[in-house]
Amino acid sequence: MSGAIIECSGVTKLFGDFAALNNVSLSVSPGTIGLLGPNGAGKSTLMKCLLQLHPISMGGARLLGRDVGSEGREIRTRVGYAPEQDCLISGMLGCEYVTYCAQLNGLPFQEARQRAHEMLDFVGMGQERYRAVDTYSTGMKQRVKLAQAIVHDPELVFLDEPTNGLDPKGREQILQLVESLWKQHQISVVLSSHLLQDVDRICGEIIIIARGEVLVQDTLQNLKARRAGFAELVVEGEHQRVLEILRANECTCELESNGHITVKHGRESLTPVLKFLRDEGVHPIEALPSPNALEEVFLQALSTHGPD
Amino acid sequence: MAQIDSSYTHRDGETRGIGYRRWVIAQATLTACLKVKGMRWVVWSCWIYAFLQGIFLFGFGQLMDQDSAVYAFITENLGFFKVIGPMFQGWAEENPRIAIGMTYNLFFYIFTGAIVSSLTLSLVALGMAIPRLITSDLSSRAITIYSSKAVSRFDYCLGKFGGVLLLLTLTWLGPTLVTWMMGNLMAPKISFFWHTAPALLHSVAFVGSGMVILGLMALGVSAMTSSPRTATSIWVGVLLLGVVLSGIGMGSKNYWLQYLSFWFDLELLQRWIFDIGGDFRELDTEFPGITEGGLFQQMKNRLAVTANNVAAAISCLSLLGGAALLTLYKKVKPE
Chain A
1 MSGAIIECSG VTKLFGDFAA LNNVSLSVSP GTIGLLGPNG AGKSTLMKCL LQLHPISMGG
61 ARLLGRDVGS EGREIRTRVG YAPEQDCLIS GMLGCEYVTY CAQLNGLPFQ EARQRAHEML
121 DFVGMGQERY RAVDTYSTGM KQRVKLAQAI VHDPELVFLD EPTNGLDPKG REQILQLVES
181 LWKQHQISVV LSSHLLQDVD RICGEIIIIA RGEVLVQDTL QNLKARRAGF AELVVEGEHQ
241 RVLEILRANE CTCELESNGH ITVKHGRESL TPVLKFLRDE GVHPIEALPS PNALEEVFLQ
301 ALSTHGPD
Chain B
309 MAQIDSSYTH RDGETRGIGY RRWVIAQATL TACLKVKGMR WVVWSCWIYA FLQGIFLFGF
369 GQLMDQDSAV YAFITENLGF FKVIGPMFQG WAEENPRIAI GMTYNLFFYI FTGAIVSSLT
429 LSLVALGMAI PRLITSDLSS RAITIYSSKA VSRFDYCLGK FGGVLLLLTL TWLGPTLVTW
489 MMGNLMAPKI SFFWHTAPAL LHSVAFVGSG MVILGLMALG VSAMTSSPRT ATSIWVGVLL
549 LGVVLSGIGM GSKNYWLQYL SFWFDLELLQ RWIFDIGGDF RELDTEFPGI TEGGLFQQMK
609 NRLAVTANNV AAAISCLSLL GGAALLTLYK KVKPE
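In order, the protein sequence lines correspond to chains A and B.
Here the first sequence is numbered in our numbering, starting from 1 and rising by one per residue.
Here the second sequence is numbered in our numbering, starting from 309 and rising by one per residue.
Just chain A, same shape as in the assembly (with noise of 0.2 Å):
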């Protein structure tokens, strides 16, 4: 799909003289969208009132090109969202939840079965999809309310907080599905977190979102570009001699904890310093461009901004 999947128009939610969003405009293109903010920024709300789960106090919005006011129920057929909190229906099982969600999406009973036991094997669910959702541990909720999100093959999927609760492992296999379901099956997906490493293992486009206000709306490469001239480097051993390349290069650079080396070279590009690490015999295991970036240019925003 081409054009803006999410147009906004000076959205505003109003829950009593509180603005929990306040004139949001916006123009999204297909890809994977990281909705980044603090709790409370209004991340939540503004998927909320995308799905129209909330009503828009002011202003507009069109989601793939449709009018969410009065057209909200078609939307939602071409659209998924799995929510942060636990909305499971109690009594059924995982493979029921996921079955009955499709067909609440309009699929035939047979078709949302088959496709309900897909989805569940696309996630990871073994033989758990059998089990009353009542008792799943977190990570399984996880995943069947990723699976119930996506079950009726939308456009654009909505996931609010999809890694909240996860070990590593678990953590891990949700976002290389999330990931996947753009690069390999051009869904885009629209991801709410404040988790900054998870937007940006996966995101492509970056909305920072702080007091129901938009304050930076970029690609992740353009706020990386911002946090040109720093680096990471990883190096086994020699971590002294490496500092001392790194300063007769007119570089400022810093041991950390974790013994990686930063860096603040100046340049456009980490290959110069690459180069000169190279001819010294120096050859890093890792070399991170603009680490931290996103974290910095996140802060950077709340400062500027100033939310409490």
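These are calculated hints, taken from the structure and not from any lab test.
The structure displayed is predicted, hence computed values, not measured ones.
Be a bit skeptical, because a hint or two may be false.
[As the list claims (entries may be wrong)] Below, simulated DSS-like cross-link-like pairs (lysine-lysine); rule was C-alpha separation at most 30 Å, straight line:
id	chain 1	residue 1	chain 2	residue 2
1	B	Lys561	B	Lys497
2	B	Lys639	A	Lys141
3	A	Lys141	B	Lys641
4	A	Lys141	B	Lys390
5	B	Lys390	B	Lys497
6	A	Lys224	A	Lys183
7	A	Lys141	A	Lys183
8	A	Lys224	A	Lys275
9	B	Lys497	A	Lys141
10	B	Lys345	A	Lys141
With chain A fixed as given, assemble chain B onto it according to the hints.
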């Protein structure tokens, strides 16, 4: 956990309309209700009760047939029936509308709405089902999932309402229809079908109206709280309050209190629909004075209903339904 299988495939099948999605919610609601411990016993009780009523109607039908084994058995064991039996049959032959139609009408009047009826069992069934209707979706936040699918709040409520109607069909309407059908299929003459058709229409009209009112009330109560125990307690409270208000209002200056009881309002509605008073008038026309005094007179007095009574009852039932709809509107929404 299984390893990740990235075999995601896009679908190109049909997507069904909103009617199907509402039906899916109704089905799921009924399934959830039937999973409640004890619910199947209640449903079975309704059907066993219907079967027993069918046997009673079968016995009644056999009294119209001199060649039947039942008739023979009764005349053998009850001497006086040898005299009145043929008289009764002769009279019934000449007045089938009164002998058969009125009997069925009175029978279904009693067994669709009285205390000892499928109505009582249906109220028990609703009490057991209420935590599984909307309450559980509120407590598990499943409302959010419904709202994120291609169904609106209205569709959700309509689907849930359909689920309640399906449950009440199992406990109330279905057994009533089957009783009527059994009585007629086992009757000695095919003419029973049309003589008893008014009784069927009255039953369907009353049970249908009752299902709508009780269904709305059950949904309203279920939407009031996310606590299953509280929801059940409210339902029991509403039933008891109905009994108490009806009792207090009866024969007192504050007779209007009775109208605040849905039991009383339903009973008035039932009297009006079945029009037993009309049957008595017809009986009076055929046999002048037969309903004066005695049991008939008591029944006439008891079942008398005026247009104003009915209007007040329907208004109060509508208010109850309106309150239930308002509760649904206020409470059924994602967090």
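Tested hints:
At most 30 Å may separate the alpha-carbon atoms for a hinted pair to count; B/Lys561 and B/Lys497 exceed this at roughly 51 Å. For a cut-off of 30 Å, the pair hint linking B/Lys639 to A/Lys141 stands: about 26 Å separates their Cα positions. Restraint check: the Cα-Cα separation between A/Lys141 and B/Lys641 comes to about 22 Å, which is no more than 30 Å; the hinted pair holds. Pair hint A/Lys141 plus B/Lys390 does not hold up; C-alpha atoms about 75 Å apart against a cutoff of 30 Å.
Of the supplied pair hints, the one linking B/Lys390 and B/Lys497 holds, its CA atoms being roughly 22 Å apart against a limit of 30 Å. With a C-alpha separation of about 21 Å, the suggested pairing of A/Lys224 with A/Lys183 holds against the 30 Å cut-off. As the CA atoms of A/Lys141 and A/Lys183 are separated by approximately 24 Å, the hinted pair is consistent with the 30 Å bound. Restraint check: the Cα-Cα separation between A/Lys224 and A/Lys275 comes to about 22 Å, which is no more than 30 Å; the hinted pair holds.
Between the alpha carbons of B/Lys497 and A/Lys141 the distance comes to roughly 62 Å, so the proposed pair goes past 30 Å and is violated. This hinted pair checks out: B/Lys345 and A/Lys141 have alpha carbons roughly 26 Å apart, not beyond 30 Å.
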